[in-house]
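Going down the list, the protein sequences come from chains A and B.
Counting along the first sequence from 1, when you hit position 357 you're at 357 in my numbering, and nothing is skipped either side.
Counting along the second sequence from 1, when you hit position 44 you're at 44 in my numbering, and nothing is skipped either side.
By construction, these hints were calculated from the structure, which means they are not laboratory data.
Worth double-checking, as some hints may not be accurate.
Now the stretches of chain A that chain B is said to cover, found in silico as 3 or more residues with beta-carbon under 8 angstroms [what the hints assert, rightly or not]: (1) 49 to 59; (2) 259 to 265.
Keeping only pairs whose Cα atoms sit at most 20 angstroms apart, straight-line, the calculated SDA-like set for lysine to any residue is [to be verified]: (3) Lys133/A / Tyr99/B; (4) Lys227/A / Arg197/A; (5) Lys133/A / Asp97/B; (6) Lys137/A / Lys44/B; (7) Lys44/B / Lys59/A; (8) Lys338/A / Glu39/B; (9) Lys137/A / Arg279/A; (10) Lys133/A / Asp78/B; (11) Lys133/A / Gly93/B; (12) Lys133/A / Arg35/B; (13) Lys137/A / Asp97/B; (14) Lys44/B / Lys227/A; (15) Lys44/B / Arg279/A; (16) Lys59/A / Asp37/B; (17) Lys59/A / Ile129/B.
Here a beta-carbon is modelled for each residue, glycine too, at the ideal position from N, C-alpha and C.
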Amino acid sequence: MSDKDTTYQVPIGPIHPALKEPFMINFRLDGETIVDAEAHPGMNHRGIEFMGMHRNPLKVIPLSERICGICSIVHQHMFTTAVEHAAGIEPTNRARYIRTIMAELERIHSHVLWAGVAAHEIGFDTHLHFTWKVREKVMDLLEYIAGNRVNYSMWTIGGVRRDITEKMYPKVNETLDYYESLYKKLEEIFLGDPSIRLRTKDIGILTEEEALRLCGVGPTVRASGVKKDVRIDQPYAAYGDLDLDYVIPSRYGYENTGDVFSKTLVRLKELVQSIDLIRQCVDQMPEGDIDSEPKKAVLLNKLKKADGEGIGRIEAPRGEAFHYARLKEGQEELDCWKIRASTYNNLTTYAPMFMGEQIADIPIIAACIDPCIGCMDRAEIVEINSGERYSYTHEELHVLSVEKTKKILEGSL
Amino acid sequence: MKLTKTFDKALWVFHVNSGSCNACDIEIVAALTPRYDVERFGIKLVGSPRHADVLLFTGPVTRKMKDRVMRVYEQTPDPKVVMVIGNCGSTTGVFYDSYAIDGPIDTLLPDDAHVLYVTGCPVRPENVINGVKEAWLYLEKLRGDDK
């Protein structure tokens, strides 16, 4: 380091009210401007793949749910798909539709949750409370269908464990109607409000080239105009039968800028898309069994005899995620299990997004990829300097962020 | 340690994630937001352990988080109550046979720590509220005749 270097480091995390999860980012700052950002993962590493390789596939399903509490459906969906692929088991037709409905319901809950967090990060706590209040409606529906607010245990190898019967349709439709009528208000808040526009427009820009180069996934790169969506590129569950298109800003008359504003836009439009997809599923729901092998002892025996490898690719609310599973003949436990969650790809997009932004913009940019560390922390990465690094607390950062909004409102910035 | 009368008014809680799956964490936030709204009881989530009366621990304590979790515990002023939220915090739950887990948290805390357990995987927001109420009663009992 030369004498002229005036930059300094601001570490954020791992225990941090903004993150809600153990994760650490080291920022290098020049005055108020960020010149470098370095991520230090590994704090949430629980050795899940290792544990999975010591249990039989049916016991791994509850474990796979607990990789992440927000995307619990995503992980059990991927895991069961991978094992079905490896063992040559086909889920029933009705199960495919129920899986799709549940996955889309989770997307609604995840995106509404994100909108609240984003509003909180730029200092609009009223909106945080508003979005979390409206989120309870979809949580109620998920509880009504699955019996629990989070961690639903709906999936099993070859189908699902609980049916969505005709008796439940009115409640499903009521919830969808509620979100449809609400969407206008959400759009007004997040896309129309001038002060939110000022805090999100042209902040945290990810260009299309960078998005492709860094292999980002999901709404993070769709906001930059990259057409990438597993539901369309390689349909799974019932998506092949449904009518859907890539959600990118240019479809709605906006520019594909890749800033925080377009990421918000993409997530809000996906809310509408999810509602539409659930309606299509309910309309086309086929009759039949929900589970191809209700006798679990028979299924376990079949899995024990199976030999092969399988993959499960899913478009999670945060983007494409991936499970790999290998079964060995005569062995009850999984032979190999590998998880790659969407945040793993999206973290690399932090570097170009943070570059040249201000400290006050750290919280919103950190939140804009919807990071999910519980999903991501699969590999242990050794880092050398993790000692005394608590100089900037989140409180101070949050105050800075709120102050910036106030300044904008007063017109002094 | 003797309790002051401030505990009659409000409990301030600080949330520490020691490697949990997020589910309990979002349910804690859900307990703070309008449907459940614990702030009407004076329960408030604060941003620093130095301001807190109650520590909410989630997660089974991963190896890398162990030192940090202990530091947060030490930074919290006495008297304090530790609330362990969720099954994996109480017993390591579904992660029981992992190589990367140093928990559960109560095996790491000093012997005289006051620990309460809130069960559920994940806990329901109602249960979080119940847990804070139990913490209140516990603190009152600790104070004894000094009320």
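Hint-by-hint comparison with the structure:
1. 49 to 59: This one holds; 3 residues, not fewer than the three required, reach chain B with a Cβ under 8 angstroms.
2. 259 to 265: Violated - the stretch 259 to 265 of chain A has 0 residues with a Cβ nearer than 8 angstroms to chain B, which falls short of three.
3. Lys133/A / Tyr99/B: 39 angstroms, violated
4. Lys227/A / Arg197/A: 25 angstroms, violated
5. Lys133/A / Asp97/B: 38 angstroms, violated
6. Lys137/A / Lys44/B: Outside the cut-off at roughly 24 angstroms; violated.
7. Lys44/B / Lys59/A: 38 angstroms, violated
8. Lys338/A / Glu39/B: Status violated; Cα separation ~42 angstroms.
9. Lys137/A / Arg279/A: OK: Lys137/A and Arg279/A at ~17 angstroms, within 20 angstroms.
10. Lys133/A / Asp78/B: The given pair, whose Cα atoms are some 35 angstroms apart, is violated under the 20 angstroms limit.
11. Lys133/A / Gly93/B: At roughly 30 angstroms apart (the allowed maximum being 20 angstroms), Gly93/B and Lys133/A break the hint.
12. Lys133/A / Arg35/B: This hinted pair holds, its Cα atoms lying about 6 angstroms apart.
13. Lys137/A / Asp97/B: Violated, at about 37 angstroms.
14. Lys44/B / Lys227/A: 43 angstroms, violated
15. Lys44/B / Arg279/A: 40 angstroms, violated
16. Lys59/A / Asp37/B: 36 angstroms, violated
17. Lys59/A / Ile129/B: 31 angstroms, violated
In the structure shown, a violation is registered for the earlier hints numbered 2, 3, 4, 5, 6, 7, 8, 10, 11, 13, 14, 15, 16 and 17, in ascending order.
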